[in-house]
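Novice: Residue numbers (the numbering used here), protein chains in the order written: chain V, 1468 to 1685; chain P, -3 to 180.
Honestly, the hints are just simulated from the structure, not real lab data. Keep in mind that the hints are not guaranteed to be accurate.
Stated by the list, open to error - Not everything, but these chain P residues come out facing chain V in the computed CB check (under 10 Å):
#1 Val56
#2 Leu86
#3 Thr96
#4 Glu140
#5 Ala146
We put the beta carbon where it would ideally sit given N, CA and C, even for glycine.
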Amino acid sequence: MFKGKVLLFSLLLVFATSAFAGDVDDCLSECGLSCEPMTIPTCPAGDFKNISEGCGGTNDYIWVRIVDGTGTGVQGIPWPDYWLNACDPAQELCLCSPPMNADSLTNEDGETTFSNEIAGGGCTLTGGIWIACQGKILLDDPPECELGDPICLNIIIVSPDLTGECICDLSDLGVFGDSYNRAPPDPAYDPCCDYTGDDICDLSDFAFFGEHYQHRCL
Amino acid sequence: MKRVLLMFTMALLIPGVLSAEPTVGLYFDVGVMGHTPPGPDTAFEVYLYIHNAESYITAVEYQLLTPDDPAHAYFGITDVEYPEGASVTLGHPFTGHAITYWPPLGGITQGYNLMCTYMCYTTVECGQILDYHLVIAPHPGSGELRCTFAPDNDKLYPIGMTSVLCPSEIATEEESWGAIKSLY
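Isolated chain P (complex conformation) (with noise of 0.2 Å):
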């Protein structure tokens, strides 16, 4: 009986362990990782954010992967913004991109410190692309996603996170509402 209830504790604790664990995510808005795109060919912004480093980051290395659209026709990135600290990069999101930070990036833990924003855009409507997955994942070249803190530039190794444009439960929504409005 022990036994199981200090395994039932220990399963309890995993989730907290876990969420502690430093993230790599893109967000459309303040925690908010799904998002409706205003139209085809309308600009709207997407923010990477390192979530939960309790270290100064100095540097990131990641790629964006878009696995439903590997040739990325449905989505696009017009240009890239760097927050102040940020002073050199290499690469593309889609490619492999690199960006090195200092000052380093706050730390704070629990907090959210944005890496860089990007312009997007979608060539079509969302009801073609439900459900399309902004992935993030390793670097290309080094086959990590990883950043690094200071002092030394040591490494650490976050979670990559997939991000979702045109749920299809918003999408849902729209249509149900479309479908009340239209008995009208």
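With the rest of the complex left out, here is chain V (with noise of 0.2 Å):
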């Protein structure tokens, strides 16, 4: 009779480890940046700034950290299974399959960078960016955790496809155009159409608007 029950036991244990193995874990795992803020570009063809210029330098990258219900870095984790999106629904991105790709696979930690471009529309100014995992938005430590709210990182996004419809098209040309060659304090000014973050929506951002007209996801 002890003889079964220890086996049960066992036999439970066994089970739960290996349910818990190499699967992400929301609340354990993180994710953060190499500076703050970061100001990413972005475009539907994934050919605007590199995330490695979110704070001016060539360097700079978001970083997460994988882990199973254990602890444990869950290693290997491939490139595309990431996802991100706005914290803020309001501000929610148009994003393109994959939106971007790590640096690596997942390293025996479970660490990975990403320091490409994001492919993607839309504006994100304030509220952040949450970045997923194999389906798995990543959360805040505890208590946060328990209520679901996830780790927001300090990432503004802007993009020529200002409508956020995937694609940089005349409607976009019709919002840029409003807030052309103007800067705070005009209520005209829209911070979505400065790509070069200098605070006036000017020639140089019209020229990269120019540059990824009528590109879309790929």
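Mind assembling these two chains? They're in different frames, but the hints should get you there.
Specialist: And the structure:
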């Protein structure tokens, strides 16, 4: 009788351990930035600025540490198994698939970085960006974790796809034109049109707009 | 004496330096900035070129002014055509015009790069609008005549040129020729 209980307990333990091993734990996994705030101009074709230029340098990056329920790093997660979007649903981005690729497979500690382009459109100025891995949004530390609050990275995303339809077209030109040659405190100034980060929507931004005109998800 | 010679040499060099500045102007033919239109309400082409741009131009913004005729009563533009590289435009030459180019314009040193072509007309005979100036001026939105260049779309500030419709010299010449013919 006792042997049977021990066997059952052992089986349960093995089952529980294997159930958590290698599975992404959204509560224990983490993500962050090498510098902040980060501003990343994006294009649906994924050919605007790199994340590595997000703070004005050339070596900036987003990092993640993906662990399972036991806190052990999940190794070998493929590059495209990530997603991101705005923490504020009102500023939701339009993203291509995959929107970004990791620089490498996760290492034995479950770590990898992102330094290339993001493929998508829309504009997120406030509230930050969440990251998901294998369908799970990475959540804040407890107790926020239990409430389902995501980790919101201090990232601003701007794009010539101003309407967030995953294509930069005539509808975006209309929005851009309204803000052209405007700067704060002019109410017509739209910071979503400022791709150079100089607080004015001017010819340089228009040149970038033209460079990405008619670009869509590949 | 040496100082005078140095100053004289410098003075000789200045035009050379200035001539290397990029310019944006209206042309009627290769290097021709003066033109006598065929007659009222007859279409003719005018070409907007950037000259001496040593960079790969990605955008331009400017305004076309006609100071002798601010309301454009005697000169009009029916259409604007863009070269193959032009991707997006905002506005109109008379009110402030911005054009982007992707791929960028060639940037051939000392060369001319076509930015756009106007289809134009005049409403009166040349004799009524002698020396009608077409001035490439700053864009009213930014207060600047400027271009951007690849790869980072930094700005450069070309010099705006003035072209002339119905230049009086040619008109005088024609009148003289008419006078000669009238002798026979």
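Novice: Less than 10 Å between beta-carbons is the criterion; does Thr96/P satisfy it with respect to chain V?
Specialist: Thr96/P check passes; min Cβ-Cβ to chain V is 2 Å, inside 10 Å.
Novice: Is the hint on Leu86/P kept, meaning its closest Cβ partner in chain V is under 10 Å away?
Specialist: Since the shortest Cβ distance to chain V is 5 Å, the answer is holds.
Novice: Classify the hint on Glu140/P as holds or violated, based on whether any CB of chain V lies nearer than 10 Å to its CB.
Specialist: holds, 8 Å
Novice: Quick check on the hint: Ala146/P CB to chain V CB, less than 10 Å?
Specialist: holds, 9 Å
Novice: A closest beta-carbon separation below 10 Å is what the hint needs, so does Val56/P meet it against chain V?
Specialist: Cβ of Val56/P sits 8 Å from chain V, so the hint holds.
The structure is consistent with each of the numbered hints, conforming to all of them.
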